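One letter stands for each residue in the lines below.
Number of protein chains: 4
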Amino acid sequence: MANKVRIGLLGAGRIGKLHGENLAHAVPNADLYAVADPFMNDVTRAWAADMGIEKCYDDPEMIFGDPTIEAVFICSSTATHADFIMRAAQTGKHIFCEKPIDTKLAKIEEALAAVKKAGVKLQVGFVRRFDHNHKAVRDTVASGKLGKPNLIKVTSRDPDHQPMSYIKVSGGIFMDMTIHDFDMVRYLAGSEVTEVTAYGAALSGAGYEEYGDVDTAIVMMKFENGALGVIDNSRAAHYGYDQRTEVHCDQGCVQVANDLNNTAMISSAAGVEVAKPTWFFLERYNNAFIAEAKAFIDAVLNDTDTLVTGFDGLQPVKIAMAANLSMKEGRPVKLSEIE
Amino acid sequence: MANKVRIGLLGAGRIGKLHGENLAHAVPNADLYAVADPFMNDVTRAWAADMGIEKCYDDPEMIFGDPTIEAVFICSSTATHADFIMRAAQTGKHIFCEKPIDTKLAKIEEALAAVKKAGVKLQVGFVRRFDHNHKAVRDTVASGKLGKPNLIKVTSRDPDHQPMSYIKVSGGIFMDMTIHDFDMVRYLAGSEVTEVTAYGAALSGAGYEEYGDVDTAIVMMKFENGALGVIDNSRAAHYGYDQRTEVHCDQGCVQVANDLNNTAMISSAAGVEVAKPTWFFLERYNNAFIAEAKAFIDAVLNDTDTLVTGFDGLQPVKIAMAANLSMKEGRPVKLSEIE
Amino acid sequence: MANKVRIGLLGAGRIGKLHGENLAHAVPNADLYAVADPFMNDVTRAWAADMGIEKCYDDPEMIFGDPTIEAVFICSSTATHADFIMRAAQTGKHIFCEKPIDTKLAKIEEALAAVKKAGVKLQVGFVRRFDHNHKAVRDTVASGKLGKPNLIKVTSRDPDHQPMSYIKVSGGIFMDMTIHDFDMVRYLAGSEVTEVTAYGAALSGAGYEEYGDVDTAIVMMKFENGALGVIDNSRAAHYGYDQRTEVHCDQGCVQVANDLNNTAMISSAAGVEVAKPTWFFLERYNNAFIAEAKAFIDAVLNDTDTLVTGFDGLQPVKIAMAANLSMKEGRPVKLSEIE
Amino acid sequence: MANKVRIGLLGAGRIGKLHGENLAHAVPNADLYAVADPFMNDVTRAWAADMGIEKCYDDPEMIFGDPTIEAVFICSSTATHADFIMRAAQTGKHIFCEKPIDTKLAKIEEALAAVKKAGVKLQVGFVRRFDHNHKAVRDTVASGKLGKPNLIKVTSRDPDHQPMSYIKVSGGIFMDMTIHDFDMVRYLAGSEVTEVTAYGAALSGAGYEEYGDVDTAIVMMKFENGALGVIDNSRAAHYGYDQRTEVHCDQGCVQVANDLNNTAMISSAAGVEVAKPTWFFLERYNNAFIAEAKAFIDAVLNDTDTLVTGFDGLQPVKIAMAANLSMKEGRPVKLSEIE
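Protein chains in written order, with UniProt numbering: chain C, 1 to 339; chain H, 1 to 339; chain P, 1 to 339; chain E, 1 to 339.
Bound-form chain C, shown alone (with noise of 0.2 Å):
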């Protein structure tokens, strides 16, 4: 077993499932070895037996507390993240850790000293950098072949409405949803927000005003490198998950389409029909949260960085903070008034 990473899972929900099926079996130099879940059950201790984990606690202290393990993908609910992440550190695990880290500066910043100090690594779950579609566009624009880029788009739209009672608590469209769009589009251009204008506005008749929320939404920013950006929201496409980016460079364009359930195109007197993109992110991301987990798993192995940082982390939730206080006051809103 020299050359598998022993894991600890926080966390059973669905997104902790997710990734400890990716682990049990898509991630061969992973050895995921236990799981805590303050809900534990024996559902969930059969789907673990399912998974191989010989371990099954309701207590992450356990988990903590286990020499042998030698990381963690933290996968509870968002209140504990920066505490686990604290805990991992103090403890000398590696650590993956579903966004966001925190909704409060303060503790994302906290629990990044701790990391630091601790020396231990950190990846953020940006999933979508992992996506076939969406690392094209970056390595396009990486390798400088289309000259600088000037202007980034992106497109996110999710098939349907949450329950309003998932509304209620999301902390709003930006923090919620374009927070993954807002590490996209740092991602793509290579470069910081400095400055956001945010325009939002409650169509669907669904009753995001009820909640001060909205569900279409459009965001414009500006880069530390001159570029320009923009990135429209929509809570409910209905025909499916719409996913798109768009890079302008210097000399040319690259951008990605949505993947589709198949590529049938049916003809008939009637029309032309293909089909639609895929449902949603675990549609979509399937492939890419396997290869979140093989990069992490692969930067413990060979001591490298992580491919998404602590900062990485902090940032998003920096320019959904700014982006909220644009549409809140009307105004375009500098990354350096958040603080």
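Hints were generated in silico from the structure; no laboratory data involved. All figures in this text were calculated on a predicted structure; none of them were measured in a lab. You may find that some hints are simply not true.
To be verified - To spell it out: a stretch of chain E is covered by chain C in this simulated footprint if at least three of its residues, at any positions, have a beta carbon under 8 Å from a beta carbon of chain C; those stretches are:
| # | stretch |
| --- | --- |
| 1 | 93-99 |
| 2 | 130-137 |
| 3 | 248-256 |
Backbone N, C-alpha and C fix where the C-beta goes; we use that ideal spot for every residue, glycine too.
Start from chain C and add chains H, P and E according to the hints.
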């Protein structure tokens, strides 16, 4: 010749000749009878003979003074548009006028008042409304089958830089280039713009900043019906004319891609190559120019409203002014501020 | 009028008018001067006046006898083609002739001998060679950048059934419809067909079997250069004109898709809809008809070979005969059997 | 373990390992318990341990003799398939068998008779039936919404040459490669092939002619239901795995394109580049392999017919024999001639 409209062409430059050739050959109900150009010469006379034009003048008054001429195509320099509109109105001729009517609101309003008083028809040359692609977007939105429009997106990129001598007197990107897109968003949204925020940057190294101009821009908009909109522009896409529109509605989305030079796909070990978009507006909007001329002639013959009115000529100028002010002052600007 | 070619048009039916309009408006170096049609009447005279045609005849000899006419466009019924070619050759006029030259080999050869003897130019109306898509395939193959062609594929499907009255006298699917594809495979392969095997079936229920004809066909071919080829046809695709070609070469493949009515994509929960292919040859090959007329006029003015020669007119007729024989006798047929 | 099927894997080469990994990780109801391979060694044992396989044998009789094993996956060399099928049938085990069952009709029929007598289930590994694209074509045809199928087209091209040592013993292109396409046309047409005519050529310079084989082929077919079909093949497409199917029906057409590595489009003055098709069958049919294994396990658990029967294994072998005979004798061959 009962079902034909006798036309006088004002201006025989590039755009004048384009309209002249369409009227001569591709618009069966047009009787292109006379042309006036201050630089009338033998080359232009030979061209006119080829087109079957009977009268060539250097003085536009020869056209305004001919009672057999029922309509004029104003294709002269922008500075003359409003005056020619007023003369045509005074002499009872229907008017097709290239955009923009003028760059001053007062002058536009004076011209529109003259048109209204005379009861003649006026169509402004926003040719993209007649493009098969954008029209398909508009028709889908207007059909209501996707519900109300929520988000209007326009990408508009010229293939390459204009000479700096042109840029110097162009009035800036918003008045010169984005003005077409400001018309397009109104056309697609079926609603008026109420506020804009504009970001711009000179990133190409071509020297736009020397004239206080930019080569890359994004403009966000709010519409009266609650929808949001965004336009992105650049002066030099390099791969051709990038002209795409997209509207997200309550129940779905309609979008169009570029027309390509052909549908060829060449696959080898080196990669897969497809054709570039058509080069520029002459290639892309060739059929749209014919369609707009036919629509004008039909409006005259059938005594119906034109499809691009004087008001449609006024509004994009106001939006361009608001965008300029927004970029200059770094703040959202309401259309109601523009007078 | 030094750089123009004076033309007499023979036949003012659908295809004659199509060529007449292109010659009048879209081919600058053509001087369309006269038209002859056995059914000359007021409607045709009015059309001719609109086209700026000076002379209208019912007797084609008025055109052959006019020494100022340098070239003829033969757009009359198939039965007259060969005789008109011979008369034009005898009177020293260059010849554009719609396909087929004739349905009998002896007659075609007689006509070609007359052309050769007279030294006039002859271009046969295989218009698809001038289509932007198929031409891109041919140009890629001819460039040699993919190596030698190995496999030529043509799909050619009409949008809907012709009247059975037409089918009855059409000469059968291979002579009437596939003849275009037989030309296309020669054009794409740059090599002669040496053998064919044809399968056909009457599957549509429209009644082709009553006339010994089929509505669905596949023809396999061998070429002199060793390549293989295949054509598939149907009389009624229903969704529009399905015209695709594909060539596999030593190092890769080039293929073209259909031209569509527009690039719109409409996405909703119900599915994703794109535009249908353009309806039929008038829509699909509009620009190709102009290009072939220009190419003929250029060949005359520059005294160069035409791009579709008399031999190019002969070979597809032979291949069609071989295909008929193959389908009838249920065996491969060598072109050398056809005399 | 009540709802799981205990499986013995026969053969641990490339395709055996592929199925083993899918059964271990991606097919929840499979209990992969034992593996037998005549070359069993430490590497294979380590692989088996990783897969959670309990028993490793070099003698397949250890699997046939274990009454707890309910089903076998036959992934051994072709020469063993029929005998292993018979042994599995005799010992009452359900059978998944890679294609082909055998290359001799008598042997196949003997094996199928044993299966029938034993009443066990047999599924043959024609994996493409489970591909999302081809399945969409089949499902559309089978739905009847486009009417009856009239013309079935299959393009199937491998990315690059196999070693000549492989070609030498492959049985020829029709038995080795086209056999998948012969299955595909039956699947898409929903009807049996009654006649074939095959053309083939060795054009690549790789030396197929030395073994009486070809690298480029076209096969035309007639079906019992009156439809026509055509397959084109090559051994070396160079740009990836070219796997497209298309069915024309009474009222329209359904077709699929290749899966691409990603959806990126890179546009510059130099041209527009898109991604290549996925490289080969492992990339293209990865999910289809999982789906076929699941389908087999489901058929066992639910006691339903398998989706690819023994008869489905027999027919493509017959068609391949007919194609060989057709190419050899230069004539159409009826399936009824093959015995």
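Structure-based check of each hint:
no.	hint	verdict
1	93-99	violated (count 0)
2	130-137	holds (count 5)
3	248-256	holds (count 6)
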